[in-house]
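J.: One-letter residues, chain by chain:
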Amino acid sequence: MFDIFNEIIGTLKQNKLRTSLTGFAVAWGVFMLIALLGAGGGLMNALVNNNRNIDVNTMQVYGGSTSKAYNGINEGTWTELKEFDAERTEENYKDVIDAVSADYWRSDTASFRDMSSNVGINGISPVHYVARDRDIIAGRKINELDIRLHRKVIFIGDDAAAMFLPAPLDSLAIIGQYIKVGHLAYKVIGVFQSNMDADLMQMDIPSTTFSDVYYGSEMYSIIFSYHGLNTEKANEAFMKQYKKDYNNAHGYAPDDDRTLWISNSVIDNLQVNKVMNIIKTMLWIIGLFTLLSGVVGVSNIMLITVRERIHEFGIRKALGATPWSIIKLVIVESIVITAFFGYIGMICGIISCQIMDSTIGQQVLDIGVQRMYIFKDSTVSVGVAIGATVVLIVAGVLAGFFPARKAAKVKPIEALNELK
Amino acid sequence: MMIELKDVNKTYFGAQPLHVLKGINLEIGKGEFVSIMGASGSGKSTLLNILGILDNYDTGEYWLDGRLIKGLSEREAARYRNHTIGFIFQSFNLINFKTAVENVELPLFYRGIGRRERHHQAMEYLDKMGLTDWAEHFPNEMSGGQKQRVAIARALITHPRIILADEPTGALDSKTSLEVMELLKRVNKEEDVTMIVVTHESGVANETNKIIHIKDGIIGKVEDNVDHNASPFGENSIMK
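Quick note, the sequences are listed as chains A and B, same order. Each residue of the first sequence is one higher than the last, beginning at -13 in the numbering used here. Each residue of the second sequence is one higher than the last, beginning at 552 in the numbering used here.
There may be inaccurate statements among the hints.
[Unchecked claim] Straight-line C-alpha distance at most 25 Å; calculated DSS-like pairs for lysine-lysine:
no.	chain 1	residue 1	chain 2	residue 2
1	A	Lys2	A	Lys397
2	A	Lys138	A	Lys166
3	B	Lys761	B	Lys581
4	B	Lys761	A	Lys392
5	B	Lys621	A	Lys397
6	B	Lys679	B	Lys740
7	A	Lys392	B	Lys740
8	B	Lys581	A	Lys397
9	A	Lys80	A	Lys314
10	B	Lys649	A	Lys2
11	B	Lys761	A	Lys395
12	A	Lys395	B	Lys649
13	B	Lys649	A	Lys(-1)
14	A	Lys127	A	Lys138
15	B	Lys761	A	Lys397
16	A	Lys314	B	Lys740
[Stated by the list, open to error] To spell it out: a stretch of chain A is covered by chain B in this simulated footprint if at least three of its residues, at any positions, have a beta carbon under 8 Å from a beta carbon of chain B; those stretches are:
no.	stretch
17	-7 to 2
18	303 to 310
Calculated from the structure, these hints are not laboratory results. Glycine is no exception: its CB is placed at the ideal position from the N, C-alpha and C atoms.
Whole structure, please, built from the sequences with the hints as guidance.
T.: Structure (structure tokens):
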């Protein structure tokens, strides 16, 4: 093998300019492939990061309205979730459902010292946070013990905290203080990053406390986490059955699918995955085609080189070179060109990915509703690097194969007669 | 017999089929120093190519060292060329981007001999040709005579049974030609290798021990030339 490399280095030195121009095409192709995959990966990582709750298997069920008249109930009647719906959910679907949270909501007036405002009060249990997480700034969330002991504790947004203790005061000092909601005092246990798209400032209290205080309130939604429904089909089937059971329990038309509105993270997730896979495939295709043009260039140059070296191959054959040894010489030369320049391209690509990661990868876009990454971890994985290496070697073999076969087929006498 | 040809025919099929060899019968013994003489177009180069398994023939039989050379695969042919035959060409056919010693090493490379051993043997043969100082030079830095001596070293390094020389002096002046012929004579004697020289120069042919005349694809006269007086110019003179 060492001898072959010596041979090849000898011939490559003959045509330095041509070799490097050809190599540039390959390096560029690989650079594009890596840079595209890195950039695409960065965009997708950002997308996943911005929707990170989507990883959890949860469904949130809201009331809707009937779409058909049935059993004396008119079309267009608003449907409600009741206490027993939450209990039913917990009891009847034990094989797939892990935990259920009945969420309540109503607006009320919150006040601290001389500040007061109309706010939205959420009665929730910890399962809620599995599906709709809150970013804690300080303190803690509502926990199981709060639920069990019907504690009068409250988890508020940073917008509310800033209103109660405006700058220059430290708004986080609100934790541990008591604020008044309606006519009851609640102890503030934590401050979260508020969602600025909400019309009202939001505050969370334990669902059990909520039921005590606002007895008879309408349930806002049921949230549950579940497992075992991995395909879109299984999820659709479960949701259909869930709606049917709800309709039967409430006396609505069994096949009415507008009575409940279900937001399913798995289906969203599957759809996002599908889109991401399509993007990823597109990037590979674009990158590979860019690389292909480089490979065609190598193949072209190898054809010319073989043409030029016919006489030399004739001499080699007269001295006892087998066709296979000629083929090996040409193919290995082709692999050396593609692999060497390919790696230069790959290194440049990886460096550019790192640069992207350390510049725009660090930028956070604050669009009010949410703080978003445009770009995140735009680095290529080891798997991609290995994949690209395999692609390069295969490309080298392909680029060299036809020229090599041509070189090996030439009869020694014809090659020797060829004028230099 | 080292070489035995029985009614060998060869036709080139082009726009006009060309019957080049029309039933060649030839016997060359072991250790002989033979020249094949003929005008251009007489078929002498074709004959040499067939002897060197660089080209194939249509009908007849070619026996080389007791083996029938017919319908060989490329691989077998390459093996014969490497082990049995040494070539010397008019235009030297050295590889330009390789040094003298690398050129001499090449046949051993195709025999799968290790780097160090190759180099050692190649240096030995360059020394025999008086080219030790030129080992690291490239062909374009050498004179015609030096290049041909490198080519002879390359032909000898595999210890071939026969050496085929195609107009070995064709590109050389008369003085160098004579030196090269002396060298071939010496090699023929010392290495006991069958030497076949194709030429159209009577002076070159005169240096050999047997002259085979070929004309229009048929073997004509075969002269014994042990006294080397076939040339009108006498021994040891090559007229250019």
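J.: Please go over all the hints and tell whether each is borne out by the structure.
T.: Cross-check of the supplied hints:
1. A:Lys2 x A:Lys397: violated (29 Å)
2. A:Lys138 x A:Lys166: With a Cα-Cα distance of about 11 Å, the restraint between lysine 138 of chain A and lysine 166 of chain A holds, given a limit of 25 Å.
3. B:Lys761 x B:Lys581: holds (13 Å)
4. B:Lys761 x A:Lys392: violated (41 Å)
5. B:Lys621 x A:Lys397: Holds - the C-alpha atoms of lysine 397 of chain A and lysine 621 of chain B are around 16 Å apart, at most 25 Å.
6. B:Lys679 x B:Lys740: Holds. Lysine 679 of chain B to lysine 740 of chain B sits at ~14 Å (cutoff 25 Å).
7. A:Lys392 x B:Lys740: With Cα atoms ~41 Å apart, lysine 392 of chain A and lysine 740 of chain B exceed 25 Å; violated.
8. B:Lys581 x A:Lys397: violated (29 Å)
9. A:Lys80 x A:Lys314: Distance of about 65 Å is beyond 25 Å: violated.
10. B:Lys649 x A:Lys2: Between lysine 649 of chain B and lysine 2 of chain A the Cα gap is close to 16 Å, so the pair holds against 25 Å.
11. B:Lys761 x A:Lys395: violated (37 Å)
12. A:Lys395 x B:Lys649: It holds: about 24 Å lies between the C-alpha atoms, which stays within 25 Å.
13. B:Lys649 x A:Lys(-1): Between lysine 649 of chain B and lysine -1 of chain A the Cα gap is close to 11 Å, so the pair holds against 25 Å.
14. A:Lys127 x A:Lys138: holds (13 Å)
15. B:Lys761 x A:Lys397: violated (31 Å)
16. A:Lys314 x B:Lys740: Status violated; Cα separation ~39 Å.
17. -7 to 2: Per the Cβ count (4), the hint holds.
18. 303 to 310: With 8 residues close enough to chain B, the hint holds.
Checked against the numbered hints given earlier, the structure breaks hints 1, 4, 7, 8, 9, 11, 15 and 16 and satisfies all the rest.
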